[in-house]
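Here is how the chains run, residue by residue.
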Amino acid sequence: MSLTGPELAIEARQLSRNFGDLKAIQGLDLEVEKRRIYGFLGPNGCGKTTAIRMLTGLLKPSAGSINVLGCQLPQDAEKLRLKIGYMTQKFSLYDDLTVKENLQFLAKIYGLHGKNQQQRINELLSIYDLNTKATQLAGSMSGGQRQRLALAGAVLHKPELLFLDEPTSAVDPENRREFWEQLFDLCDQGTTILVSTHYMDEAERCHRLAILESGIKRADGSPDELMANMHAHVIEVIADDIRALKKHLIGLPEVISAAQLGARLRVLITKKVTNPIEFLKQLPFSKSLSELAQVRPSLEDVFVTCTGEGRQ
Amino acid sequence: MNSFLRIQAIFFKELMQLKRDRMTFGMVIMIPLIQLMLFGFAINTNIRHVPVGLVDQSQSGLSRVLVQTISATQVVNFTQNYLTISAAQSAIAAGEVHAVLVIPKDVSQRLVRHQSVGLGSPPASDEETSRPIAQWLVDSSDTMIASAIKGLRNMPLAELLNKPANLSTPTFQVTLFYNPEQRTVVNIVPGLVAVILTMTMIMFTSAAIVRERERGNLEMLITTPVRSFELMLGKIIPYVFIGLVQMSIILGLGYFIFSVPVNGSLLQLGAATMLFIAASLVLGLVISTIAKNQLQSMQMTIFVLLPSILLSGFMFPYEGMPLAAQYIAEALPATHFMRLIRGIVLRDVDILNMTFDLYWLLAFTITGLTIASLRFKKNLD
Numbered sequence: 001m002s003l004t005g006p007e008l009a010i011e012a013r014q015l016s017r018n019f020g021d022l023k024a025i026q027g028l029d030l031e032v033e034k035r036r037i038y039g040f041l042g043p044n045g046c047g048k049t050t051a052i053r054m055l056t057g058l059l060k061p062s063a064g065s066i067n068v069l070g071c072q073l074p075q076d077a078e079k080l081r082l083k084i085g086y087m088t089q090k091f092s093l094y095d096d097l098t099v100k101e102n103l104q105f106l107a108k109i110y111g112l113h114g115k116n117q118q119q120r121i122n123e124l125l126s127i128y129d130l131n132t133k134a135t136q137l138a139g140s141m142s143g144g145q146r147q148r149l150a151l152a153g154a155v156l157h158k159p160e161l162l163f164l165d166e167p168t169s170a171v172d173p174e175n176r177r178e179f180w181e182q183l184f185d186l187c188d189q190g191t192t193i194l195v196s197t198h199y200m201d202e203a204e205r206c207h208r209l210a211i212l213e214s215g216i217k218r219a220d221g222s223p224d225e226l227m228a229n230m231h232a233h234v235i236e237v238i239a240d241d242i243r244a245l246k247k248h249l250i251g252l253p254e255v256i257s258a259a260q261l262g263a264r265l266r267v268l269i270t271k272k273v274t275n276p277i278e279f280l281k282q283l284p285f286s287k288s289l290s291e292l293a294q295v296r297p298s299l300e301d302v303f304v305t306c307t308g309e310g311r312q
Numbered sequence: 001m002n003s004f005l006r007i008q009a010i011f012f013k014e015l016m017q018l019k020r021d022r023m024t025f026g027m028v029i030m031i032p033l034i035q036l037m038l039f040g041f042a043i044n045t046n047i048r049h050v051p052v053g054l055v056d057q058s059q060s061g062l063s064r065v066l067v068q069t070i071s072a073t074q075v076v077n078f079t080q081n082y083l084t085i086s087a088a089q090s091a092i093a094a095g096e097v098h099a100v101l102v103i104p105k106d107v108s109q110r111l112v113r114h115q116s117v118g119l120g121s122p123p124a125s126d127e128e129t130s131r132p133i134a135q136w137l138v139d140s141s142d143t144m145i146a147s148a149i150k151g152l153r154n155m156p157l158a159e160l161l162n163k164p165a166n167l168s169t170p171t172f173q174v175t176l177f178y179n180p181e182q183r184t185v186v187n188i189v190p191g192l193v194a195v196i197l198t199m200t201m202i203m204f205t206s207a208a209i210v211r212e213r214e215r216g217n218l219e220m221l222i223t224t225p226v227r228s229f230e231l232m233l234g235k236i237i238p239y240v241f242i243g244l245v246q247m248s249i250i251l252g253l254g255y256f257i258f259s260v261p262v263n264g265s266l267l268q269l270g271a272a273t274m275l276f277i278a279a280s281l282v283l284g285l286v287i288s289t290i291a292k293n294q295l296q297s298m299q300m301t302i303f304v305l306l307p308s309i310l311l312s313g314f315m316f317p318y319e320g321m322p323l324a325a326q327y328i329a330e331a332l333p334a335t336h337f338m339r340l341i342r343g344i345v346l347r348d349v350d351i352l353n354m355t356f357d358l359y360w361l362l363a364f365t366i367t368g369l370t371i372a373s374l375r376f377k378k379n380l381d
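If you read the sequences in order, they're chains G and L.
Everything in the first sequence is counted per our numbering, starting at 1 for the first residue and increasing by one.
Everything in the second sequence is counted per our numbering, starting at 1 for the first residue and increasing by one.
Because the hints were derived from the structure by calculation, they are not lab data.
DSSO-like, lysine-lysine: derived pairs with alpha carbons at most 30 Å apart:
| # | chain 1 | residue 1 | chain 2 | residue 2 |
| --- | --- | --- | --- | --- |
| 1 | L | 292 | G | 23 |
| 2 | G | 79 | G | 34 |
| 3 | G | 83 | G | 115 |
| 4 | G | 90 | L | 378 |
| 5 | G | 60 | G | 23 |
| 6 | L | 378 | G | 158 |
| 7 | L | 19 | G | 115 |
| 8 | G | 100 | G | 83 |
| 9 | G | 60 | L | 378 |
Required output: the full structure, derived from the provided sequences and hints.
And the structure:
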């Protein structure tokens, strides 16, 4: 690392993990800058949770090296615990304790007591809008409230690095927006955040992201970079019989995918074709195409293009 | 300091969860209460009123007096009459009666030649005096019932013959210490403390870690700075108090309802009980680190519980078991505590005279705690 280069919170080299014959993670290289939100985007079962568990020291890697906040894992896992916060995919605080009791429990575990503890808990209750729920059992709260409690628990000891494993999978869009506002607040205060998700709109909010599929990193970069460097043209087509057109198109080797969006068909065509609109017009069934336009790619297009390679 | 705070955090969390779990909380009180009532009243090794049948082939005044004399012992209850021996045998097989008394036709001839009557004139031959006067057919599959009836074998016939009773001098004088009235409950109540503590203590803690894993809390806990032994200790301590409460319930009710005295020092009783509770809890923790789910932990608890009831000396005397079984019993904490608590409660022994059992429990606890802490890894591999 050069002196002028960015400070890294996480640096992993050729990280692999096998469960028996299953290769959950293969040769993952990862660099996460400090004070940034880094995203893991990928379908279920692509190894996001396994990767996070290795980076938090909960799982030993089968191969490769990990350096998190200057700690070598898995050897220094115990030393790392005070510096990181981890919000698990499933709610992992106690259902049969109240909001306040859960936070008090965690505070004591992290060595906070007396006035400091009270102050920090009150602070968290107001930041995460849990004041009115303080004496309610965690198990009886809604998904959004529980998720706010889980985040409050994960940041209670003011960790430098926060791991969030699919934090918004049980939360409605309104609460998700709110949640991301809170993440940006934390980031602004100097916390590095690594978040895994399978929602495109969430991935788009990250400073940088890595696209994972079957344990392999397919692409990484900022969302804009990823969209700019995509290996496909995006064409939106309006046609009479979209279902039939789609069937024809996906049979062609130049077409990566075709997805219907209401009355339109969004077609991804490989960059090997220089003029995609001409290419579509030459096709034998082109008479039915009424409108053709090249549009700006979305993150979903990037995702489909990257992960498509594995399937072809 | 931080370590103490973390143990305290786990401790209060466990208490809070226990308080909210009404069913478990109720069981803490109800298990000792109900088991004490059940066992205290039900278990009795003095066999009384065994239902038996009668085949009276003599139909004489003598046979009727004989039946009345036997009934007066209260060991058996004549409930059925059978005409033939084969009918009596099938009644035994069917479970109607446990035994049948067969009084032969010549019962009076046999009686006058019996040694308890004397020699008569002409003097009876050896062959004649060695003839019993009647026969018992016994279903001996239950050894306790069989031996109760075997106890009638040498029943004195003095009363039957209008002779003064108790003329014979026993070979030995027997002085009964600690339980002169021979009440089974005196032995049962302190033993019950050991059995119930084994059950509840192992059951509670064996589920402890497993439950955290099943509910997903463990994944959160292991990313915190809490250490294995802090987690183990914090989880154990609330149950120590519960164990002491259960012991007090059993011995207290035993005193008031069954008049079982507590002869020894309460302090020593408390110390020995604490040691046993610790050993049981630690055993539960070890199970907890092995079991994958609560069902498995429950099965392993039963695996330990049954030998603790059957081999520890609670039901059958330790000395009566074969050597191999004695070794197994020796490995169980319940066996050692059974000796200690019976010693303290019934015989007012100073536990410092029973150091072997004390040291054994102590060693068991320390070894178990070490194993549990080592086995509990703070990762998900």
